[in-house]
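Enquirer: Residue numbers (the working numbering), protein chains in the order written: chain X, 1 to 230; chain B, 1001 to 1266.
Just so you know, these hints were derived from the structure itself, not from any lab. The C-beta atom is built at its ideal place from N, Cα and C for all residues, glycine as well. A few of these clues could be false.
[To be verified] Interface residues of chain B toward chain X, partial, derived using beta-carbon atoms under 10 Å:
id, residue
1, Lys1005
2, Gly1049
3, Gln1062
4, Gly1148
5, Trp1152
6, Gly1182
7, Gly1186
8, Ala1201
9, Ser1202
10, Ala1203
11, Gly1206
12, Gly1213
13, Leu1233
14, Gly1236
15, Leu1248
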Amino acid sequence: MQSIKDTIHEVIFAVLPVAVVVFILQFTLIWLPMEVFLQFLVGLVMVTVGLILFFVGVHLGLLPIGEMIGSALPNTGKASLVVLFGFLMGFVVTVAEPDVRVLATQIDLVSQGEISKNLLIFVVALGVAIFVGLAMLRIILNIPINYILIIGYGLIFILAAFTPPHFIPISFDAGGVTTGPMTVPFILALGVGVARVLGGQSASADGFGLVALASIGPVLAVMLLGVIFG
Amino acid sequence: MRDIKIFYGFSHVLAEVAFALIPLSILFVFFQIFYLKLSKQKLINLAVGVVLTFIGLALFLQGVHVGFMPVGEQMGSVLGNLPNKWILIVIGFVLGFVATFAEPAVRILNYEVEKVSSGYIPQQLMLYTLSIGVAVSIALSMGRIIYGIPLWYFLVPGYLIALILIRFSTQTFVAIAFDSGGVATGPMTVTFVLAMAIGVASAVEGRDPLLDGFGMISLVALSPILSVLILGLLYGRKEKEIERECELEAEVNSNNYKKGNSQKDS
């Protein structure tokens, strides 16, 4: 019960301050018709209730599932399997990530369907998947995270030179939203679980850094999509 | 009043959420059969969680669809048509600050950083640094839209500084810094503030919403990375000095301590 109370508290504090500023703006500068503003309030209530239920559900169901799979993974004994399941986990979690969906919807709307929502979600999920797989490999082979970060961002900046300009902001935003309320706890649980069994001494330092890698993948993936789209 | 949309298009959202959660469920069933073999009672608990997630995600997306996205865009376009456009920069700053200052995920990060830096980076300091960082990011994004500045001009120096700072930080700090990129992009930023930015970009003449409206999240995500790295560097120096003193002392006392310490460093 205490955790549900905490969740309610958390969501309200995440949502309310911005809502208050919007209220002030509406009645000083914006003056949208009352009907439209009521529509905002409807959205506010639904988003708040939705987020509370979502977080409670994630704590009850999805997070334990992530932890269990994370700690079961190394028991499969094979490094190749750990990498493969890391890949699959990265994919399925990103597909379920609310922030990714919202961004994809907005891009779909603004581009008037040219960059479709489902294609974008698929590409972003693939990018996360590949980099979570790589992150598993990194933990197994004990490669310092700095190398991968520098190579990853280096690649991003090289690829950016060949990407059509209107794909650049979208790709970087795609990297930002993959670190949403679903992915972070899930992937952290996975990483800490795997690092504990495989990484040896520096388990905590190995577990960290996964989220960082997970946000390089989608940037590269969406840029590649832009290169292909032309 | 009768035009208020609440469950308009909800069936699409339900289908979407189902498709979002099915892959994860399949993967779990696979693990359940081959590796986990959980008891029935545990499975029921998990199922309750998944159902709650389903309902929550559906309500959240529906609220974004009928409320935040359309109204955010309209508000943005009203603001984009104001004669004094610089006020958008102020509004962006305020939105970024309040969104981060109260965000619970940010507090968790601050606590973590305080712990890892063994108290050298106090939570309050982190909180203000981060909130101002995000505030500046959103203010810059609004400025970008008003004056049509390419995202590059901010991203390249931002990431360059980050990559240079990596060289001077410890592994743990680098990992935390890059992991923290996500905490600042709270639920309101991606849904409402972004919609507002898109609205502004479509209202200001000569701006392409696709090119100028997006990019805000990437700037917001960059600010915690820079905040953690810079604070880590400033306070890390102090920490290292004290560590060195400790090491000297330890050398006198015993060699074992030093061994433990260098292991921690590696």
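Enquirer: Determine which of the earlier numbered hints do not hold for this structure and return their numbers in increasing order.
Expert: 4, 10, 11, 13, 14, 15
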